[in-house]
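Novice: If you want the building blocks of each chain, they are given just below.
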Amino acid sequence: MASGRHWLSINRWGAAPALLFTAACFIAPLVAMALVSLSERSGGHTVLTWTLDNYRGFISRSDGAFVDALVNSIQVTLTVTVLSVLAAYPLAYILAYRVPKRWQRVALVAIVLPFWTSYVIRSYSWLLVLSENGVISQTLLGLGLIDGPIGLGNNRGATVLGFVHFFVMLLTLTIYANLVQIKDSYRKAAADLGANGLQTFIHVTLPLSLPGVAVGAFLTFVLAVGDYITPQILGGGNELLLPQAIMLQINRAADFPMASALSMVLMVVVTLAYFLFARFLRMERV
Amino acid sequence: MAESVVSLRGVSKSYEGATAVSQVDLDIAAGEFVVLLGPSGSGKTTVLSMIGGFTAPTTGQLFIDGADVTETPPAQRPTATVFQDYALFPHMSVRSNVGFGLAMRKVPRAERSRRADEVLRLVGLEGFGSRGIHQLSGGQRQRVALARAIAVEPKVLLLDEPLGALDLSLRRQMQDELVRIQKSVGTTFVHVTHDQEEAMSIADRIVVMNKGCIEDMGPPSRIYLRPATLFAATFMGESNILAGEAVEAAGECTWIKTALGTLPVPGRAAMGEAVKVLARPEHVHVDIGADVGAIAFGQGTVTEAMFQGTHLRLRLNAGPQGAVPITARAAADQSVTVGDSLPLSVRSQNLVLLRG
Amino acid sequence: MKPRDIPALLYVALAVIFIFLPVVVLVQFSFQDGLAPVPPFKGFSLRWYDKMFADRKLMEALGNSVLVGGLSSLIATALGFLAAFKLARRPGRGAPQMQFLLMAPITVSYIIIALGLLIVFNGLGFGKSLLAVGVGHVVINLPLCFAVIYSQMGEHQANVERAALDLGASEFKALIYVTVPMLWPALLAAFFIAFTLSWDEFVIAQLLSKFDVTLPVVIFSLLRTGLNPVTNAVGTFVFAVSIGLVVLVELLLARRPRDG
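Chains as they are written, first to last, in the working numbering: chain A, 1 to 286; chain B, 1001 to 1356; chain C, 2001 to 2260.
Heads up, a few of these hints could be off.
Straight-line alpha carbon distances no greater than 25 Å define the calculated PhoX-like cross-link-like pairs of lysine-lysine that follow [unchecked claim]:
{"#": "1", "chain 1": "B", "residue 1": "Lys1276", "chain 2": "A", "residue 2": "Lys188"}
{"#": "2", "chain 1": "B", "residue 1": "Lys1211", "chain 2": "B", "residue 2": "Lys1155"}
{"#": "3", "chain 1": "B", "residue 1": "Lys1276", "chain 2": "B", "residue 2": "Lys1257"}
{"#": "4", "chain 1": "C", "residue 1": "Lys2128", "chain 2": "C", "residue 2": "Lys2057"}
{"#": "5", "chain 1": "A", "residue 1": "Lys188", "chain 2": "B", "residue 2": "Lys1106"}
{"#": "6", "chain 1": "A", "residue 1": "Lys101", "chain 2": "A", "residue 2": "Lys188"}
The set of hints was computed from the structure by calculation and includes no laboratory data. Bear in mind that the values here come from a model prediction, so they are computed numbers and not experimental data.
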C-alpha cells in the first residue's frame, strides 16, 4: 500500500483546505479592498469607478491630516523599534550568557510574564501609572515634590512608552532565542585567541546575532505600525496615527473607499519595510 | 620541570559527585607531539580543556613555561586550541579567521594579512585567503582552524579530536600533514583522540587514560609492545590475555603457569602472585618450523578464519578441552579452513607480564 | 557574586521594574476597597471581582471569547496540520509558493485583514457576527499553527511513519496511530498559541461583531467610560488565565514524547 496512491490521500491534497481558506478569506478580501480603494460611495453603495480620488484625498484632505497620520506613524514606529531593540538586547544578552543555564528558561518566563496580559489591559494599565490620578502623579504629590496632579499620559510619549513596554518583552524573547543558538565554541575560540569580553562581543557575538535582531526589529515595525489600541488608549486625541485614521473612516465616516485607500498605503509602507529588511539581510550574508 | 613546557601537578576535576580527572601528574617537553588517548569518559578532553583554561581544576596546579596558570583565563594563556567543530567564524573570510588572534593583539592589518597568508601556505591552503568559510570542504576547514591556531605562535597547540569528522583516507592524509606541520613549526602539540591507530601514527609520546587516571605513558612502540597495564594492553590493540600464577623465577623472566602451559615471561613477579600474560595475535605463530625460537603451547582448533586484506585473522580454541580462545594471524594466502588443527607457538620476548 | 556582575544586575532590576510596574499596579488596585482605582491604596476587597462576575455582559463576552477562541483555534490547527503534513512529507512542485501563501497573512496588519473581511462580508450580505470574527481569527492563526507544526515534522518523524507503512498500516491508520500521537505536543502548542492570540485580539473582533462581542471588545468599551475599578478586576482575571495557559504550554512542551 504505497502512500500517495489513494485518491483522497493527504500527500496530495493536504495543503488544499488551508490554501483554499487563505485564498478565500485572505487574498480575496485584500483584492476586494484594493478594488474598494478605487471606488466611490454613491447612494449608500460602493461603486467601482477606478478612481484615484481616494488616494488624492489621502494627500489633500483635511489639510493633509492623513499624510500627517502616516508621518506620525512612521516616526513613532521607528522610535519604538530603535528604543525597544536597544533596551531588549542587553536584557537578552544577560539572560543568555550571565544566568546559569538551568535557570534561564524560568528567568525568561518570569521576566516577561506581563507579556501575557491582555494587550488592551496592558496598555490601559499604563494609564493607571501615568494619568493625573495615576501612581506616579499621586506618589509625587504625596512626597510633596509637586503642587498639583500631573498627567503624563495622553500624548505621543505615552504611546511610545506603551509600545516600548510591549516590544521590549517580545524582543527579549526573540533575541534570547537567537543568542542561545549561536554555538558556544565561537566564543570559546575567540577567547582562546586572546579576545577579552568586549572584543568577543564586538567581533563575534554581535555580528552573528545581527540577522536575528533584524528579524525581531522588522516584526516590531510591522506590529507597531499597524496597531490601533496603544495609540488610541495612550495617545490622547491631539495626534492621530494611521491605524486610528483608518478606524475613524470605518466607524465614524463609514467611508470604506477612503479607509481602503489608507489601508493600501499602510500595506505599501510595510512592503517597503520588508524589502529594505530583506536587502539588509542579504548584505549580512556577505 | 624547568624544561617542561606544560606541567600538571596533582590535577583533578570533579563535577557534583562524578570525578572526571583524578590526581594527574604530567610533564610535556617543548616540541613534543603528545597524544592523550582513551575511550570517552576517560578524562582526556577534560585535561585538554584544563590546559587551555576553559575548565578550572578542582585541585592541583597547572604550569605553562614555568608560570603558574591555574587561575589564568584562556585569553591570557600562551595556548591555542583547534576545536572539534573547528568553530571557524562564519561571518569572516578565511584570512580574517586566521588573522583573528593577531587582530586581538593589535597587529596592524598589513602585517596581519602577510602572516595569515604565510600560515595558510604552511597548511597547504595558499590563495584561499579571500574565500568564505561556507565554501570550504571539511578537510579545508580543518586546515584553516589549524592555521588560525598556529598564527598566534602559541607555546602549546591543543587539538580536540580534530580529525573525527573526516573520512578515512582524508584522516590518514591529515595525520601526515599534522606531523609535517608540527615538525616544521616546532610547537608543542597536545592532541586528544580515542583512535589508537591515529595515536600511534602521529605521537612522539602517547598518554593512555582511563576513568580519569593515566594508565600508561610512553612512545607508541613501547606502549603497544610492552604496555604497563591491562587496560592499556587491550585498548591499544587486539590482545590474547591469559590468566596465570607465577611459579618460578628465572633470571630476567618469570615462569607463569597458565591454562596453555607454563610460559617464560620477561619481568619479575612474586611467587604465587596472580598475574596476566599478554600475547598479541600477530606474535602467535600457527605453523611449525616458522620460528625456531618460539615456545610451543599446544594445538588450536580453528573456529573462524576471516580475510582482512593483509592477513588472515584466525580464532582458535586452544588448551585442554579447547577452553581457551586465542586470536592469531596467518599469511593472507595461506589456506585455512574451520576445523583445522594448527600448532601454536610464541616467542618468549613477545610475552608481556601484566597486573590488574 | 563578583563585582563585575553588578551593572548587569542593576540593568535587570531596572528592566524588571519597568516591565512589571503597570501590571503590579493593576493587580494591586483590583483588590482595592475603594471607588477610585488609583492610589492611595485603601484596604483589601474582592468587591470588584464580585461586580465583574455579576456583570452579565462581561460574562457573556467571556463565554463568547472562549467559544470563538476554541473553535477558531481548532480549525486553524487542523488546517495547519494537514498543510504542514503534506508540505513536509511530499512537497512536490509549487511547495515554496504554497508555503509563502500560507505564511503571507503574518505580515499584514490585523486592521487591514479586518477591513478586507468586512468589505467581503458586507458585499455577500452576511452581517457582522461572531462567526465573522472566528473566520478572521483563523486567518491570523493559520500561518502560526502551520509554522509550529511544520517545524516539528522532522526526519525522525518521517522514518517512524515509513516504518508503520512498511509494517502494513494504511495511510489513514499511520496518521491516527503514529503521526498524531507523536505530534500531539506540537498540535496542542499550536492550539494554545492560537487560542491565546484569539482570546486577546481586539481589532478584528470589534470590526466584525455587532451584538455578541468578545471580551477585549467589552473591556475596551469599559475604558471609554473612564477609569472603572471593575476594569482592574477584569484585567487581573484575564492576566491570571493567560498565565495559566502559558504554564500549560510550557509543561506540554517540556514533556518529551516517549521514544518508540
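Novice: Under the criterion that the straight-line Cα-Cα distance not exceed 25 Å, is the pair Lys1276/B, Lys1257/B satisfied?
Specialist: Holds, at about 10 Å.
Novice: Against the 25 Å threshold, does the CA-CA distance of Lys1276/B and Lys188/A hold or violate the hint?
Specialist: Violated, at about 45 Å.
Novice: Given the hinted pair Lys101/A and Lys188/A, is their Cα-Cα distance within 25 Å?
Specialist: 16 Å, holds
Novice: Does Lys1211/B pair with Lys1155/B here, judged by a C-alpha cut-off of 25 Å?
Specialist: 28 Å, violated
Novice: Can the restraint linking Lys2128/C and Lys2057/C be considered satisfied, given a maximum Cα separation of 25 Å?
Specialist: 18 Å, holds
Novice: Hint check: Lys188/A vs Lys1106/B, CA-CA at most 25 Å. Holds or violated?
Specialist: 19 Å, holds
The structure fails to meet hints 1, 2 from the earlier list, while all remaining hints are met.
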